[in-house]
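S.K.: Residues per chain, in single letters:
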Amino acid sequence: MASYSTNQFKAGLKVLLDGDPCSILENEFVKPGKGQAFNRVKLRNLKTGRVIERTYKSGESLEGADVVDKEFQYLYSDGELWHFMDPETYEQVAAGKTAMEDVAPWLKGQETCLLTLWNGQPLAVAPPNFVILTITRTDPGVRGDTAAGGAKPATLETGAVVKVPLFVENGEVIKIDTRTGEYVSRVKE
Amino acid sequence: MIKPPASVVDWRPCWTPRILRLRADLLARVRCFFSQRGVLEVDTPLLTATPSADPNLMPMRLRSVSADPNPEYYLHTSPEFPMKRLLAAGSGPIYQIAHSFRDDERGRLHQPEFSLLEWYRPGFDHHALMDEVADLLEVTLGADRHERLSVAQAFARFLDLDPHQASLSELQTVARKNGLRLAQSADEAVYLDFLMSHCVAPDLGTPHPTLLYDYPISQCAYAQIREGDPPVAERFEVFVAGIELGNGYHELIDPVEQRMRFVAENAKRRHVGLPEMPLDERLLAALACGMPECAGIALGFDRLVMVAAGAKRLEEVMAFPF
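Which chain is which? The protein sequence lines are A and B, in order.
Residues 6 to 194 in my numbering are what the first sequence spells out, letter by letter.
Residues 71 to 392 in my numbering are what the second sequence spells out, letter by letter.
For reference, chain A alone in the conformation it holds in the complex (with noise of 0.2 Å):
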């Protein structure tokens, strides 16, 4: 991988930061007038999500990470392991459990997600911003409480909880908002 000087510095490059891949957030050249030049960068570890702060001496390079986005389709669980698929090069990947954490409760099977591959391996796995699941639980709406708005919990195939509307029952699909975990609205089968 090639090594990028902090005049290349920039949003959005992938470097490696003490043997981790990280995303350059922002970079700034601070130098006094007389002095020496700096470049002091804020950076996301893309393994841990934290962010960091470091500053180099101008003309210093760092290591580039070899890190790309790229659409895999999702197959299915082992229990351990999340499997996806490349539709055009029909290579597959395995996602560890660190990386689909807050993801495998939205996932049934065949959706299509932007994998983060660093080293052609999934590092972060983001699911369709809109996902279509069948409710498998939820208690009666009382009915006469709609108009005040209220909600009630209920699960859906995969697992996952979300908060629906009182009127919406048990075995109906719906769609929800992967980004806020949230009901959208009921889907005419």
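I should point out that these hints are in silico values taken from the structure, not numbers from a laboratory.
Backbone N, C-alpha and C fix where the C-beta goes; we use that ideal spot for every residue, glycine too.
Any given hint could turn out to be false.
Stated by the list, open to error - Below, computed lysine-lysine pairings styled on DSSO-like, alpha-carbon distance capped at 30 Å:
id, chain 1, residue 1, chain 2, residue 2
1, A, K19, B, K247
2, A, K157, A, K168
3, A, K19, B, K382
4, B, K73, A, K47
5, A, K52, B, K247
Stated by the list, open to error - Simulated coverage check for chain B against chain A, where a stretch passes if three residues somewhere in it have a Cβ under 8 Å from a Cβ of chain A:
id, segment
6, 168-177
7, 265-279
8, 328-338
Following the hints, complete the assembly by docking chain B onto the known chain A.
M.R.: Only chain B this time, still in chain A's reference frame:
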């Protein structure tokens, strides 16, 4: 050649009419300020054969298209050397608003071409010049008060560190704790520059301008050194709202010492793989002939406009930033 349609070419200046007027108004105030004080406006060449040898400055070298080009020319990084020759020739107090050029400088507070307001006051030391800088900030920014801090006081306040006495390893430890990562070892000056620009300067100049003075001798640049315990460089900087506006000296006038500093700068350039610069022998000859005791300062005029305008970036106050 096919020309793109005129609507696609971005020809408009960046600044707004408000900034245009503010800049003109500040220029007028500056000229009036110096005229009232009997400081003469001068105009020295931008072209030079002997640019600054400061290893932290990158002068721009010109390449002529002529078949028979002149010897090496550079654009100056500041008008310091010719202005000092004027002083040595008996000009008396002088000022200049000069476009200056520094390669590899680009950022929120940097443009490769910018304007310096540089002035020299025979008979002044750095404290007397600091008084005058404070007066100028009152006239231009309406700052009726200022804070004066020694570098030692500032480092004690923000880092609990003595910048004059701290060992290299102490400086390294504090710098590392504050996020500095270096591929190669560095000298005290680099660590002090880092701590100053990242941990001290951002808090200076609020709510009133700060005049920071008496620097560690490793950062003496072209300032006189005052013997003592510890010895200090009689240098100062001006900060407003965390932004360094200018850098001044009780000027070095000893030609032997000046030559040694030039040689040291070139040694540093060699060490980091930069080409050495020819020494400005005419400046050295002028000093040998006798430059009056004086204090001088270079102040970033665009930054002054930026602060007056409440702008966040230098481009906002330049008509055609690079």
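S.K.: Each hint: holds or not?
M.R.: Taking the hints in turn, this is what the structure says about them:
1. K19/A - K247/B: holds, 24 Å
2. K157/A - K168/A: holds, 5 Å
3. K19/A - K382/B: With Cα atoms ~27 Å apart, K19/A and K382/B stay inside 30 Å; holds.
4. K73/B - K47/A: With Cα atoms ~41 Å apart, K73/B and K47/A exceed 30 Å; violated.
5. K52/A - K247/B: holds, 22 Å
6. 168-177: holds (count 4)
7. 265-279: holds (count 4)
8. 328-338: Answer violated; 0 residues pass the 8 Å Cβ test.
Checked against the numbered hints given earlier, this structure breaks hints 4, 8; the rest are met.
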